[in-house]
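Q: Produce the complete structure using the sequences and hints provided.
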Amino acid sequence: MSNIVPIILSTLATGLPLFLIASGLTLIFSVMRVLNFAHGALFMIGAFLVSSLLSGRAVAVPVFVGAVLVTGLAVAAMSVATERVVFRRLYGSPEVVGLLASFALLLILSGVVQLVWGSDPRTQAQARGLGGVVRIFGNETATYNLVLIIVAAVIGLALAGALRWTRAGAKVKATAEDRVMAEALGINVGLVALGVFAVGGLLAGVAGSLLAPTVSIDPSLALTFIIQSFGAIIIGGLGSVEGAMVGALLIGLVDAVLVVVAPGLLDYGVYIAIGAVMLVRPYGIFGATARRTVQA
Amino acid sequence: MTGLNRRRPGWSTPARRRLRTLSSHPWRTVPLLIAAVALVAAACGSSGGGSASGSSTGGVVKLGFISTMSGPLAQIGDDMLDGAKVAVAQVNAAGGVDGGKKLQLVVKDDQLTPATGAAAARTLVGSGTKLIFGMLDSSICLAVAPVVQSLGGVTIGTTCSSDPLVGPKRAAQNYFSLAISNTASCAATAKVIAQEYPKLTSIDVFGYDYITGHEIATQCVNDMKTDGLHVTVHKSYFVPLTSESFTAQITALQHSLSGPATGRALFLATYGAGTTAFLKQAAPYHLTQQYQTVITNGGYVSSGEALNGSAPAVWDAYEYFPTVVSNSRNSAFVKQYEALKPADKFPNDWSYEAYMGALMYAKAITAAKSTDPAAVAAALAKISVTGPLGAVRFNPATHESTIPTLVFQTTGDAGSPMKLKILKYDLVSPTNQIVSSGS
Amino acid sequence: MVRAPFFTRPGGRPPADPGRGPGDPVLPAGLASARLNRTSPWRTLVLLVIVGVGGTLLLGGVNLFTWSTIWIYALFALSTNVLFGWTGRASFGQAAFFGIGAYFVSFSPMKSWPAPVAVIAAGIVTAAAALVVSGVTRRSSGLSFAILTLVVGQVLYEVVNLTGSLGGETGLYGITAGAIGPVNVATSYRAFAFYTIIMVGACVIFLSWLRSSYLGLSMAGVRDSARRSSSLGVPVAGIHAIAFGVAGAFAGIAGALFAQQQTTVSSSLLNWSFSGDVVVMCLVGGMYSFWGPALGAALYTWLTTAGFAGSANANLYLGVVLLLVVRVFPGGIAGAGTLARDWVSPRLRNHWPLAEPGGAGRHD
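Chains as they are written, first to last, in the working numbering: chain P, 1 to 296; chain R, 1001 to 1439; chain D, 2001 to 2364.
These are calculated hints, taken from the structure and not from any lab test. Certain hints may be false.
[Claimed, not checked] Label-pair restraints from in silico Cβ distances:
id	chain 1	residue 1	chain 2	residue 2	range
1	R	1331	P	132	42 to 48 Å
2	P	281	D	2181	52 to 58 Å
3	R	1313	P	132	50 to 56 Å
4	P	92	D	2228	18 to 24 Å
5	P	115	D	2181	21 to 27 Å
6	P	281	D	2237	16 to 22 Å
7	P	154	R	1345	40 to 46 Å
8	P	115	R	1258	48 to 54 Å
9	R	1198	P	65	48 to 54 Å
10	D	2228	P	281	23 to 29 Å
11	R	1195	P	154	50 to 56 Å
12	R	1424	P	280	54 to 60 Å
13	R	1326	P	153	30 to 36 Å
14	P	164	R	1313	49 to 55 Å
The C-beta atom is built at its ideal place from N, Cα and C for all residues, glycine as well.
A: Spelled out as structure tokens, the structure:
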């Protein structure tokens, strides 16, 4: 089928950037048990920051990379601030309280963005040299799509690797599994929480600044990818980075296939994916099963 | 253990004794009672009293302005308000209305929600401001118009374009629509495109997946057929309203194209962020260059602006563009608008619509020599106001305005303040005649 | 083991509250005892009559319209709290049921049925829909449940958005409240306000009776610990389903009343942001109190009609208020009194140690 390669490319091009956003969300959830709505706002701030840094102009690739890193660090700092001010005190509350606190944060951050940058839409030009197309197996795809795919894949591998093979990663996983025991074993849980928020913020900021050249940068950006990111981590299992990757790719795949097969169902793409997975595994593909509280 | 022996008041306890326990836990009941009182006070306070005083107190005539002043679309509401402010300033500088009374705007936020817009309208009309205008979204116009009607007021919808709002069987009799309807804008677009590209044979559609998006796409294509073009829809893709990632659709479109660009058109039934994102993501493929022309409908200018000079050549159909004409009225409008909001620099369609709305009210009030809604409504059906793009009046039967549709082609221009420059334009009258053209 | 029909009301006092220390989770001491059901349907009836009739007679003009809106949102919030505060399942899709109720009464022939009949029919239809959704989501809990319900709500929203005969995103207008015999409630604000108060009042009395029955107690038990309740013989899945059905039914009734009041509906009624709004109402008002959500609804109505109106930063202020509530007032407005008492009375005791230890929850 001549459609296979374009479908694979679309899947990767849609799914991997989505993974960038979803990975931060799921990481924060694993430790804090909080689904951070404000993550979308951090993503949006990343896009606005990079466009302000570069004044929307096309710059050389190294400059662009530098701007992306600076933005990522700035957003990471903001994320850490939100942890200290808001989420730290909410440990022990019902999960929903954290959700509502993050929703409040979303409103606040969106309001601040509108105050600082106004609500006029703007765009960021592509970095010089990244604006063309490449041919892969006879199919054209935008060079930048390829860049996004590679960057997101590398980040994903690095994240998964760090969680699996480093001591810091072990501490994160321990805290995620059982916070009280981790603390009892001498792990500085506060530092882990801080670190997780920092990395989550970094991921959001990097995602925002990387995607900035492809979208309209305006206050609605915070909500644009939220539903799909939530969908990705629900499908993959809350708290699992591998799950976020699988979930994001699945959503990308469903979208890519629907465009060809049943364009009328595109709106429902995410929901179809979620529904199908939920029926088989209610806690997501990599989610815990019998370990969780049993409902009669 | 003694506590367990005392019986709580249950079903068998006489009502008297049950009621006494209401005050047995003051820490719980007191805040509830306070809150209940505050509740009633809030219901009172939120509508600012219920007396229906006249719209004019002494030498002031109030116009109620409702639009989206908060949230992601706040900019549009802001632009509309600025246009209205320019109109009010102009009218007051020229001596006011109805023998010297000054115009004043009362601004309310609808938060892009029909219920909030309707509540704002009720508050305004309830407190005596019975002349309402503004509103951005058709669902809000549809909620506000019947409310204002039932309370005896008049509404001018400056931006809403939905068909049930106009016509002899419209949703509210005292509703006047300033903006061009979807029907009119499609008819005008088709007319111009048929003239510019008589050899068009296929159209690819990319739009938002909602009723109006589908309707506009279908309507415009049909109108083109009526105007003599032998076009068929080749490919069409509709995306969710909040989506901004279109790789799949763009590559699919790219794939489906073959042969020279002549005879092919791309119709974008999106607006705002969707149009911007599409054009950005299509740029690497030079997708728009593989079509003879790109057409869109409605508020494209903000997307074109956002593209910062890299916008391709796109036909749009709306009502206004600052550099289309250079007469004294337009210069005055543009200059006063720039003075109001230096950062904003220039008015757009929404500002123009609100500007004209306020001017229509001013003229109607003076013509009717009163602010009584019935008299003003009657006057609105008769008066005509000459604005930057010519004279505008309301059709007495349908309450649609005679604003000509501006069908214009722009391309990105990094040097100009609007980041866009006009390549060609046509002003099309409501009777679908091309009134003037230029480039 | 408690062996009594669910619908009877328990007698006796709730056990004395053991008190909580500084390291315990967020809820202050008094709220724990407040969590046990203390609402009496008679008290509710009296309160409703006084506030309802009093308010409707005292207010006039457009204020009566806002008054009716407050009651409708209050019913919506109270119904959501059946699932949220009573049973501990946070559903972010309640707007879908509100919307189903609203759209149900927007079409003929339902439009011309006597208004209360149409509204009750809407409630029944919505209850059925809620039970279906409950079945679909029965295996999930906590955040998975929240997101699944959000998804269900969004699917319904998209369906309405994409269906021309449902008006799409522009919506429908011209909805009428059918006459009840010779009486037409839509003739005046006051008439409609009385009608709203009677309908909402009946629902609220039912809810307060439900809350104070064994069924309500079981819901609290299921909320606090599903495992323990299940081991006590409480059918947890059944309780969840009943809670969902009740919440859905009354959300549908609220939506139907809303449509009759506004005379227009649009797909924005089904959006997840409205679902989020109603959960916020419950939280801000106080999810552990019976009346809390009603207070939250009143605040919300005020915010959307008068408060912050015209300010471009409305969302910012709303976010700050919400954050304050979440951080400082976990019990919401209704819990403010107990919060204040818990803050004040230990300090009073320290000053005058010979004074009687007071406060509810101790032996009276």
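Q: Should the hint that residue 115 of chain P and residue 2181 of chain D are 21 to 27 Å apart at their CB atoms be regarded as holding?
A: At roughly 55 Å between Cβ atoms, residue 2181 of chain D and residue 115 of chain P fall outside 21 to 27 Å, so the hint is violated.
Q: So does residue 281 of chain P sit 52 to 58 Å from residue 2181 of chain D, Cβ to Cβ?
A: 55 Å Cβ-Cβ, so the 52 to 58 Å window holds.
Q: Is 30 to 36 Å a correct range for the gap between the Cβ atoms of residue 1326 of chain R and residue 153 of chain P?
A: violated, 55 Å
Q: Kindly confirm whether 54 to 60 Å is satisfied by the beta carbon distance between residue 1424 of chain R and residue 280 of chain P.
A: holds, 57 Å
Q: Does the Cβ distance between residue 115 of chain P and residue 1258 of chain R fall inside 48 to 54 Å?
A: holds, 50 Å
Q: Does the Cβ-Cβ separation between residue 1198 of chain R and residue 65 of chain P fall within 48 to 54 Å?
A: holds, 49 Å
Q: Is the distance from the Cβ of residue 92 of chain P to the Cβ of residue 2228 of chain D consistent with 18 to 24 Å?
A: holds, 19 Å
Q: Is the distance from the Cβ of residue 281 of chain P to the Cβ of residue 2237 of chain D consistent with 16 to 22 Å?
A: holds, 19 Å
Q: Please test the hint of 23 to 29 Å on the beta carbon pair from residue 2228 of chain D and residue 281 of chain P.
A: Between residue 2228 of chain D and residue 281 of chain P, where Cβ atoms are some 27 Å apart, the hint holds.
Q: With respect to the beta-carbon atoms only, verify the hint that residue 154 of chain P and residue 1345 of chain R lie 40 to 46 Å apart.
A: holds, 42 Å
Q: Regarding residue 1313 of chain R and residue 132 of chain P, is the given constraint of 50 to 56 Å on their beta-carbon distance met?
A: Given range 50 to 56 Å: violated, Cβ gap about 21 Å.
Q: Please check whether residue 1331 of chain R and residue 132 of chain P have a Cβ separation lying inside 42 to 48 Å.
A: Given a distance of about 43 Å, which is inside 42 to 48 Å, the answer is holds.
Of the numbered hints given earlier, the model fails hints 3, 5 and 13; all others are met.
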